[in-house]
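Participant: Top line first, the protein sequences correspond to chains A and B. For the record, in the first sequence the residue sitting at position 25 is 9 according to the working numbering, with numbers rising by one throughout. For the record, in the second sequence the residue sitting at position 89 is 205 according to the working numbering, with numbers rising by one throughout.
Below, a list of computed lysine-lysine pairs in the DSS-like style, where the Cα atoms sit at most 30 Å apart: (1) B:Lys161 <-> A:Lys(-4); (2) B:Lys158 <-> B:Lys223; (3) B:Lys155 <-> A:Lys43; (4) B:Lys161 <-> B:Lys223; (5) A:Lys(-3) <-> A:Lys7; (6) B:Lys155 <-> A:Lys7; (7) A:Lys43 <-> B:Lys158.
By construction, these hints were calculated from the structure, which means they are not laboratory data.
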Amino acid sequence: QVQLVQSGAEVKKPGASVKVACKASGYTFTNYGILWVRQAPGQGPEWMGWISAGNGNTKYSQRFQDRVTITRDTSASTAYMELSSLRSEDTAVYYCARDFFCGGACYYFDSWGQGTLVSVSS
Amino acid sequence: DIQMTQSPSSLSASVGDRVTITCRASQNINTYLNWYHQKPGKAPKVLIYATSSLQSGVPSRFSGSGSGTDFTLTISSLQPEDFATYYCQQSYSTPYTFGPGTTVDIK
Chain A
-15 QVQLVQSGAE VKKPGASVKV ACKASGYTFT NYGILWVRQA PGQGPEWMGW ISAGNGNTKY
45 SQRFQDRVTI TRDTSASTAY MELSSLRSED TAVYYCARDF FCGGACYYFD SWGQGTLVSV
105 SS
Chain B
117 DIQMTQSPSS LSASVGDRVT ITCRASQNIN TYLNWYHQKP GKAPKVLIYA TSSLQSGVPS
177 RFSGSGSGTD FTLTISSLQP EDFATYYCQQ SYSTPYTFGP GTTVDIK
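One chain only, chain A, in its complex shape (with noise of 0.2 Å):
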């Protein structure tokens, strides 16, 4: 079945970096896209930027288009998300996802990882 396992918790302090790891089985990696979402407590989620597993062609929200890269390697099926220059405001629940493709404009996100806690303090 469909699986994808992310790395552990990290506690950062303010202006440091993050690196978060999605390691995706059951299922062809480069066929899909992986997403990463955030969602900040009592939130809704919010999305991030995504990359094709494939070609590695990246997408990015305008409003975290300086901080963040996601990567992935193929040889590994894992995909990555870092997250850098880090503030309190950043303190949230880090999800991968995969996004599976319906059609025209219709992408939904049908299976996601546990979810990573980041945590930014001094």
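Given chain A, put chain B in place with the hints provided.
Facilitator: Relative to chain A, chain B alone:
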């Protein structure tokens, strides 16, 4: 960015009740609207995609409708496992924005 709003922000209901949640987009998104629910400490799970298509394995008591800017999610007979927070999400254009959520709790 396309802004998504939901109403109500929360509701209390009983097992067996019919529940309707509304989602509105700040511009026309055709039918590129998905619904998820999320339980505390868990990742969101897709229920409905492309406005009205039921994701495999999701019970038929869930249904969706709408087009353009106005959409609804209906639960025909609320079950104990349906108490959760519900989010709409548009895939018309990136960034793929989510609504703020509707929490359904037990009356």
